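**Q** The lines below spell out each chain.
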Amino acid sequence: MAEFVMPILGADMEAGTLVAWRKKPGDAVERGEIVAEVETDKGLIEVEIFTSGVIEKILVEPGAKVAVGTVLAIIREEGMPGDLVPSPPAVSSAVPSLPPSVPAPAAAKQLGPAVETARRRVSPAARKRAASLGVDLDAVQGRGPGSAIGLEDVERAAAERAATEAAAPAARQARVRQTIAAAMARSKREIPHYYLSTTIDMQRAVAWLGEQNLKRPITERLLHGVLLIKAVALALREVPELNALWMEGQAAPRSAIHVGVAISLRGGGLVAPALHDADRQSLDALMRGFRDLVMRARAGSLRSSELSDPTITVTSLGDQGVETVFGVIYPPQVAIVGFGKVVERPWSVGGAVVSHPVVTATLSADHRVTDGHRGGVFLAAVDRLLQDPDRL
Amino acid sequence: MTRDEIKATMLRILGAIAPEADLAHLEPDVNLRDQLDLDSMDFLNFAIALHEALHVEIPEADYPKLATLQGGIEHLEALVARRENR
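Chains as they are written, first to last, in the numbering used here: chain L, 1 to 392; chain Y, 1001 to 1086.
The following block holds chain L by itself, in its conformation from the complex (with noise of 0.2 Å):
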């Protein structure tokens, strides 16, 4: 037996609301698939399944708020008969335990003596219903005898709730700047960073681009910013202390190289989805992800994978922005790379000053984890990989 459990998707998350599930009980389910909807400050995010096997039983019904960690659903696993199995052992998650901080407003409110709700007719299993979902019974209309409230009215006003949340872009963006502020700051605290800036000819990258995008159709042509991060990918392979997580008082590292993009939301605030394996994948490959990435952060589709899973992040502020950014380090993640716009500059080529197009790369990275050395020979490696873009 598996459990599916509600994913950490962002390093401040404590809860998520389940808004629905793709599957029911008996259904088949592969590994990497999406099997559920959570909506978080990040917007709604398909969460995805890493078991393969069938969906023994459904614990947490849509509509509810529950801490990172809980159960959400039980799997058989391939392989494992169903009918060998005694019943699920998850009873107590049925009532999914929360962080006391999630729905203390209503929670509190039920547990006092409040007299007018007192007066009110509910059900003991609404009662206790809506102290697990987090639903203020006051707000609640009952439809049974005597507008008495059952069950179902509960949930039928924990669902209104989440859909209402999913539908409020001012309330998401609250919840964006709370996430990004929480993040910040625990790594402005945590973490001591080190800063490098070096500067990046982009004649002949910009070249090739030209070239390549004058030969594709509109539809296939790459951005600049892919070859930055499929550079940047490559270049963690040789100094790949950069590409860790900080975790329990060391430094993880990760064998995968999934670089995070930040992507500014239209209206205020950003997210750093992964673009996954971004070593290993083609420049085509990757402006495919990227561009896909970029529309579904905005539309607020994203899955739960693509949060989570983040071993560095790449920043740009764009072509009609600056020439210089230092990122702060998103946590746990160890190393952030900065890039400005692409400008022309004079530059000095064999003795003689022309004008070619560079671009500013920085490095922020955490001094716990590497040395300015180590951060010196990742950003030579990504300038040298750019002067050869035919191999990237």
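Since the hints were derived computationally from the structure, they do not count as laboratory data. Check the hints yourself; a few may be wrong.
What the hints assert, rightly or not - With a Cα cut of at most 30 Å, we get these calculated DSS-like pairs of lysine-lysine:
id: 1; chain 1: Y; residue 1: K1065; chain 2: L; residue 2: K215
id: 2; chain 1: L; residue 1: K215; chain 2: Y; residue 2: K1007
id: 3; chain 1: L; residue 1: K23; chain 2: L; residue 2: K57
Here the structure is a predicted model, which means the values were calculated and not measured.
Starting from the known structure of chain L, arrange chain Y on it as the hints suggest.
**A** The following block gives chain Y in isolation, referenced to the frame of chain L:
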């Protein structure tokens, strides 16, 4: 296809890319990227959507001609007319 239809197509596409924008008050001669805060991905999507809606080829070298609303209307009108007369 008329000028107004081309303009309406441009505005519809921009509205999908920047849903919060007040398109009724776009300055015709000011850079769209500045007015609407479009990044290079947005601009690529803008060009792809124009290509798909108007069936015209837009080489990368012609992107500057789409920089403003007015410039875009004129350039696209010429491209559409060339296609229709072929």
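**Q** Honestly, which of those hints from before does the structure not fit?
**A** none
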